[in-house]
Amino acid sequence: MIKLNNISKFYKPDVWAVNKVSLDIDPGEFVSIVGQSGTGKSTLAKLLFAEERPTEGTIEIGGWDITDIKQHEVPYLRRQIGFIFQDFKLLPKKNIYENISFAMQTSGMDDSQIKKVLPQILKIVGLQHKAERYPNQLSGGEQQRAAIARSLVHQPKLLIADEPTGNLDSINSREIIDLLLRINHLNTTVILVTHNRDIVNSLNKRVVTMEGGRIISDQKRGRYIL
Amino acid sequence: MFVNFRRVFKFAAQDFGRNIWLSIVNITILILALLTINFLIIFNLLTNNAIHVIKEKVDVSIYFKQTITQEQIDDLKQKISSSQYIKSVDYVSEEESLENFITKHAQDENLLNAIEELKKDNSSVFLASLKIKAKDISMYESILKELKESQYVDLFEIDENQFQDYTLMTQRLINISDKIRLFAYVLSGVFMLIAFMMVFNTIKIAIYTHRDEIAIMKLVGATENFIKAPFILNILFYNMIALILIIVIVYLGGIFLQPIMDKLFEGYTINLISYFNSNFIVIFFGQLLLSCVFSIISSLISIKRYLKF
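From first to last, the protein sequence lines stand for chains A and B. Residue 174 in my numbering sits at position 174 of the first sequence; the count goes up by one each step and never skips. Residue 275 in my numbering sits at position 275 of the second sequence; the count goes up by one each step and never skips.
Just chain B, with the same shape it has in the complex:
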């Protein structure tokens, strides 16, 4: 058993080296197939992140009338926070609102002058507010409903504009991303099929080039398994080498793409390398398993016709 395994391993290694160009072609095709899979993984990651970014930006603000007391504000804040739909509630005082506004419009002198004039009149420029974020974008409707039915409804105003703008944008983005995703799935299917066909045909050709050798092996009394085993082992070599190279390519690609992603998703960027690090086993061993199973099945199908005694 051990002697046979050692021999099979030796034959596979010899065949790999002595048919080096065939080996290189096989590995290249496998790399292209795996590259397709990794491209699809990154594409899905980016699409999901884009949707997440937009969703994160959605919130609803309620602005308190000046007649409201601090106790009422605290009470309202507590009640809102206890709602099952709420992710966070932040109180923004009048002063903070003013500071935020000034910081945001520091370049606009006219606006700043207008603010100064209002301050001179001792008028309240901004109102205190609560910034509410829901656990999910679909929950905002329920939150608004709850707020409108609240006992303090007369003490605040709801600014739905921002929420509606973002909701609209998110809805559009989700629609677009759904279509893109559907397109990507179809495209992925097509690419995967092409990749699999490429792998299948390459293995078929590789075995075809060995058909005379297989015939000779049969003639000298080699059993079916003794003939097949080195081919299968070689296929495993090809897959492992292709996987190592694809890991290098993906990580180099990640390093190259990261600055572009940082620009694209300002403040909400995803770290590709960290993503691949934390999902390393699922992504890469999953691919190894998939490609090994597929290429072994391909080789078993291809070799079968030459093994008939």
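Next comes chain A alone, as it looks inside the complex:
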């Protein structure tokens, strides 16, 4: 599914945010990438959805070599990957229905299909009664659920969650993680970037630990070791 081969990312003047990282992730896996702040976890995530380009090495997703992906190909890659972020990244001037439908409209999905699929997705994340609300009218947990709903509209084979619980309390965090687990059970590969020890330890899934831009540990059923 995902093949990172000797990936490095250099930032001027002298920072190797990711340094010679190789990693294989199989379809349907749930992988937590952990480490302290500034260890290169988020940079690794950015490399996966082509927000950054690697300085060295190659990246392959589902057989597609995205190492030197062209500008005009990036939107098509992103429609095949779901993302969620710590700051939710919802469009503030659009309501939840519009935020999610926007993602569907980008790929040219027709209105009847959107009307059919979108309520089902809203139901999955429990926001069917709050579709008309704007992001600032929702709690952090609800906003994150809306972001997850948006990430699911293209039925992605890969979901990248970069610190999805960073702005949430423990109850909301648990809800989000449960949602990610449910999505993973539907055979979607989930990459969870986090430094939340409790969550990682409760998952009993694969844990990749990073330090100084390198992978220092990769455990099939791991724990937060730092």
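Quick caveat, the hints were computed from the structure, so don't treat them as lab data. Treat the hints with caution; some may be incorrect.
What the hints assert, rightly or not - Straight-line alpha carbon distances no greater than 25 Å define the calculated BS3-like cross-link-like pairs of lysine-lysine that follow:
id	chain 1	residue 1	chain 2	residue 2
1	B	K304	A	K12
2	B	K65	B	K148
3	B	K10	A	K130
Since chain A is already given, all that's left is putting chain B on it; use the hints.
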């Protein structure tokens, strides 16, 4: 294609309404820029009209000696009229000259009494004359030359004073207006530059305020054109609304200015509304085209940096 266009139109309309203050600021700046252009158009119109008025007043009169016969007058008039430089030749008889003089000086009793005394002596108070107007002020020199070389030169006198006065005045006016026009062009250039900078910066700020949204749109897989199109469409909305408002402002301004212009250019006034009516397409669609092209270029430049994937 149609679905995408409909969506882009919808997004643009939504953005317009949901960022109403930003939209109002953009439209206001565009109105100010267009107002500058229209002010310059009116200024040029007034300057040209002032020069035209003075030029129209210039003429040359030749006064016939009493010995001249009517046939000679007719012959001379015909010859002068056939000249390539001449716009019009009007014969003014002795009686008409007298009547004109009396009408002009009806308030001056001394002058009128003097005229009466002269009439009692059966003296000829005024001479018959030809009032000659050239096609262009620059042609008077050639006309005078032709007249002085005419076979009837001994039968008339040329009154060059009025011509010289007006020529001098026109020359001065042209000099002044040339300087004013040069100043106006420089000023217009500066104002247009300021207006364009204002429009450019306003659009830049408008796009800057949308930078997070643009980043999110990119993240969810929107293509460059799908992101850009609503912005461009909104810019077109702004320009069209600004144009409609500027038309209203210009016409209201025209109605307000017309009485002032009528006083200023007595008898030679220009009708601003008629001028804008007859040049409506060139003036207003020209402005729409100019402002649309400029603001679209501005927005494309401004948005480019946020569209890099």
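Hint check:
1. B/K304 x A/K12: Between B/K304 and A/K12 the Cα gap is close to 23 Å, so the pair holds against 25 Å.
2. B/K65 x B/K148: Holds, at roughly 15 Å.
3. B/K10 x A/K130: Within the cut-off at roughly 22 Å; holds.
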